[in-house]
Every structure is written in C-alpha cells, then in structure tokens.
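With chain A fixed as given, assemble chain B onto it according to the hints.
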Amino acid sequence: MGDTFQNPQVAVATLPHISNIDYQRLHKEYLSTQILGTSLFWGVAIIGALGWTIFNRAIYPSWINYAGLLLLLVLAGLSYIFDFALYRRAGYALREHDVIYREGWLWRKVTVVPFNRIQHAEVTEGPIDRLFGLSRLHIYTAGGSSSDLTVPGIRPDEGERMKYYILNKTSIDEEE
Amino acid sequence: MRKSEVFAEARRQSQWAIVFIILRFVRRLVSQLWPILIALFLGRGGGGTWERYEAIASFFGVFGMVVSVIAYFRYYYRVSDTELVIRKGILKKTKLNIPFGRIQSINFRQTLLHRLLHVTELRLETAGSTGEETKIDALSIPLANDLRSLLLAKKQEALGESIHSSAPGIDSTIEEHEETILRLSNQDLLRVGLTRNHLVPIGVVMGLMFSASIYAASFGYEPWEFIQRGFDLREEATMTQLLLAGTLIIVLTLLASLARTFLNYYDLHFYRSGERFQSIQGLLTKKEFAANDRKVQILNWGQNPFEKMLGLIDIRFRQAQSGDDQNKSMRLDIPGCDDERLSYVQTAWLGYTPKLAEEKHRISISYFYHFAKYVIPLGLIIIGLVIYFGAPGAWVPPSIVLILLVSGRWISFKKKKYLWTDRELYVGGGLIGHRHALLPLYKIQNLSIVQSPYQWRRGLSTLLVYTASGTIHVPYIAIEKATQMLDQFTFKVETSRRAWM
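Those protein sequence lines, which keep their order, are chains A and B. To convert, note that position 36 of the first sequence is 36 in the numbering used here; the numbers rise steadily by one, no gaps. Offset between the second sequence (1-based) and the numbering used here: plus 176.
Do not take every clue at face value.
Lysine to aspartate or glutamate pairs mimicking DMTMM-like chemistry, simulated, CA-CA at most 20 Å apart [said to hold, decoys possible]:
(1) A/Lys109 to B/Asp663
(2) A/Lys163 to B/Glu670
(3) A/Lys109 to B/Glu464
(4) A/Lys169 to B/Glu670
Beyond 10 Å from chain A on every Cβ pair, some chain B residues (computed) [claimed, not checked]:
(5) Lys179
(6) Gln191
(7) Lys268
(8) Lys463
(9) Phe544
(10) Gly646
In short, the hints are calculated from the structure, not lab data. Computed from a predicted structure; not experimentally measured. Quick reminder that beta carbons are idealized off the backbone N, C-alpha and C, glycines included.
Only chain A is shown next, with the shape it has when bound in the complex:
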C-alpha cells in the first residue's frame, strides 16, 4: 500500500451503464428442467386429487370435485407460463470487472458482483441438471448468503471457463 491515494473526479454520465447490457440467455435445456420440475410437482398433486375424488365420491357433490380439479389445472397452467416467463427474463452478463445476473418476472432482481469482491466460485451439477447436460455456477462474496449469486442453465464447460475467467480476474485485481 505504498502508492499515494488518488481520487480523480469521474463524470457520472461516462460511467458504464447497467441498462445497456445484452444479457446472455440461459440454455433451452434449463427451461426443460424447470418444466420437468413443474410437471412432477403438479402431476403428483393432480393424481393425488384424482385419487381422493374417486375414493370420496359419495361424500361430496361432484361439482366440488370438478371445481377443485379445474383449479389445480389452472394453477398448473399458470406455473408453466411462469416457467416460460422466468426463463425468458433470466440472463447473465460478464463484463470486464463484474458479473451481472438478471432474474425474476413479477418480482425482478438484477445483481452485480464485482470480481474483486469474489471470495470463491464453484460449478455444480445436480442430478436433473446432469440429465440435461447442464451445470450451475455459484459465486460467493462476503456479503452474506442472501447476496451470493447462482447462474443456472449453463454448460459444464462454459461454467468451468467462466469460473476460471472470474478467478483469474480476481487474482489479477488482488495483485494490482
């Protein structure tokens, strides 16, 4: 820390702007994993409801059963729409000095993690991810678990390359 502290003024208008970013979409297979998850969840719920309807036919009038089933179907349909919308909005971007991840459709979130604040990064593959040839990149900072970033829906080799890019950047920043 021998260098003198410098603090040149920066015009705010010239700063890199987060609104002008082309986000890299997640792979299509990620949408498939989400649809698979949704189908499993609602499949179980609807089969359960059907079974319940058949065994309790005598107790409740049939319109209640049909209304219940219809409601489940509508909710399941909405979940698929959600999956699609969430997939369309999710995206990441690597910049010279940080990584950005955008997620959420109704509740939206954009997170920026500067490379020189990254503690470590890792690539994981869950069983469903592996089935579709995908992996996830996790990025950890000291900002607490709620601020850690996970980029899903990327290829394992992309994940590894991104990880090395990031870690390489991290060490360069530290040397400076």
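For chain B alone, kept in the frame of chain A given last:
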C-alpha cells in the same frame, strides 16, 4: 529474558485455568443433559433410590474433574517465528496454527472469578473463512499483557507495516498512541440507563410480575390484595390499582434498565488506539472490545426520543464476520456519546470528514401509499366485521392497531432519507427513534436492484447494498436513480484499490 524467548517454548496456561475448564465442562453438561438432570431430580422425589443418583452424579463429577485436569495439562501455546501455535485435546488432538498476519484483534475478558484470581481470558479474533474465535482461558495479567504486545508487534511485522514512525523493535512494548473518546462516570451511566430502550425490560418486568402473580395465586395468595387493602376502596379502587400497578411497572423497569446499564457499561472507557477503536467496560465481567478500522464495515448511530432530549447518541460498529449470525462478542456498542464524539469517530474511521450536512434524498411516497392502499381497507373490513359480530367495544383494539400501523408507516416514510457522495453512502430512518448507517463505498461487496410488480409498474425499485456486516436497503426510489447509484457504486468498488478488510 526477552519476550519472544519467554513464549518461544510451549507454555501452559495459569493453573487457575483448571477452574474455568471445569466450569465449562459443567456448563456444557448441564446445557446438554438438562432433561436428564430434571428427570433425575424429579425421580428422586418420586421415591427412587437416592444412592444410585448420588453415585451417577459423583461419577460425572469425578469424571469431569479428571477430564478437566487432563485437558489443562494437554493445553500448550507457543509463539513461533511465524505463528501462534496452540495444541490441545485429550483424545482428539488439535493443533491450531494462527499466522500473525491473520490476527485481527486481541481482547481481554475478565469475569468476576477471573478478577478474584488475578487472571484474564485472552481472546483472539482471526480473519478467515472459519471466523472462529480462539481463546486462552486464564493467564496471569502481566503475562497476558506481554503476550498481547508480542503478538501485536509480530502482527505488524508480518503485515510489513511500520508501527509508527519510530518503528520500535519487536521486543519493546508498543506504545500506541491512545486517545480517550469517552469515559462514563456514574452520573453519565445514570443518564444512559434512564434513556435506554425500555421496551425489552418492560416486557421482562411484566412477564415476571405476571408469572409471579400466577405463582402466588397457585398458593392461594392474591398478589394485588395488599394494594386493594391498602386503600380499602374495593371495587372503586380499580383506577388507583391500575395507577399503582403502572407505577410499580415503571419503577421496576427503570431499575432493570439501570441495572443492565451498570452491569454492561460500568466504568466504560472508549478510546482510539492506533487504527482501531477500543473499549473496556463492565461491572462484574470486565470486557474489552476492539474494532479495527478495516474490519468495521458499517457505522450505525441512533437516538431514541429520551436520548434526543438529553442529546445522547448510541454508536455501533458493525464488523465483518463470516456466517450470517451477528456474533455478540464482535459488536462494539457505545452509548452516551454526543455530536462531537460522533463526528470524531466518523472522521477517524473514514480518514476524512463525511459531507453529511447536505440535503438528503427522500424515498417515494408510494412507500406509504402502497402500504395504506391495502392495509386501510383490510383493517376497515375487520373492524366492520367486529362491530357487526363482536361484543360492544370490541372494535377498539383493531382500530388502535390500524391507526398505529398506518401512522407508523407514515413516520418511517418521513424519516427514511439517503445521501451518497463519490465516497460514501448514508441511509437514515427509524420508527420511534432515529437510526443512521454510514459506509464507505469501497466496502460494498455487491449490489442488487429489486422490483415488485407494484414497483416496476411505477418505475420504482429498491436498492440492496450488501456488505460483509449486513445489507443496507434503500427502498422505493426511482429506477433511474437506483441504476445511477448502482453504476456509480460498482465503478467505485471496481476501481478502488483499498482492501475492504
């Protein structure tokens, strides 16, 4: 003998450490086995053979003694050329190597027992992902002082920083320049105690009184009877009773607050030493707290209405930590400061005086409207239902709750303010009192902008600023402003070469 030679060989703690090891053993035993202990205790009353329980108890007692004594003899510490080495463990042997550069702070802690035995506990805070605190149970005070100054000197050496311009040798005691910021006399303590947040003690006092009255009632004793009899007004006395009970609660609460204040802050000495803030305080347990400038991520200060009347300010240093829980020993809270001391602390910590006097930004009034739009109709529906179905007068409590909720939201809207310059971010707010947070931008870890459906339809957003000691929210601000702040803050973080810790 030179200090480094004294500690170069493996040393044991003071013999008194055995006492603390035994105490810890007992505490752990009780905290893990309390259901069994209660069962044993009750079983004895139920006519179980006394001898057997006695035998079990004495077995555990003897076992604990033996284990503690062995643990004491198995515990060694040594200062090598590069690190502090601690070896311990009976069956599972542990060797702790703490490189000097990783030591963050070294604090003493003396419980009443420590003080009676003229020893002190030494706590080491280290930087790193484990975030664990290392401690040596008992050292004689001169030895502890020597060890601390040796470790601090070695640490400075390891970090390659000159201690001060004179750069004394490793074996000379570091005479770090100490500047007293605050000392609390008993009179100050009284003022601090009376203006504390009484909500916690009032809860405790009322809870205690409630359980005491139940306990008394279970013995067929009516606890408030003496008040009734005292006035001999019976039924008409309800108002007087209420007043008396109220006075009693207030007096007890004040006493509890005062007791807490004296226990925690007695003889408080808050000072600046080198590049850290430090305090020594406590009546029975004398505690030392330290906060290194680098480790402090956020500076909080605040006032409740009582404190505002007397011009008192609480200062809290929020230090970086691993894990999500706010470790209590890492928190440095200083009550009873004033404006002058606050600005001294700010300037000393940042290295410059922050420009906080400027006009601060307000958040969008949607923060209030969005809340009121849902809560008021919902509250009115509930009140309507209660009026229609409930007992007469039952509408009063929900109405009060509704008024409190809405006015509370309005107050916190009015108080929420923020300000940022090219070097720091300030966020203020509060409900009953005022809370303020300040952080230099280079300590930011990462940033998020979040938007609820309501917010993005109106071009609003909430900015989340994550640091290593908590998240700061700037809610309901225009999305343009949030992106501007995000761009500026990331730029600052990415171009700053200062280590955030």
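Consistency of the hints with the structure:
no. : hint                 : verdict
1   : A/Lys109 to B/Asp663 : holds, 15 Å
2   : A/Lys163 to B/Glu670 : holds, 18 Å
3   : A/Lys109 to B/Glu464 : violated, 42 Å
4   : A/Lys169 to B/Glu670 : holds, 11 Å
5   : Lys179               : holds, 28 Å
6   : Gln191               : holds, 41 Å
7   : Lys268               : holds, 28 Å
8   : Lys463               : holds, 26 Å
9   : Phe544               : holds, 21 Å
10  : Gly646               : violated, 7 Å
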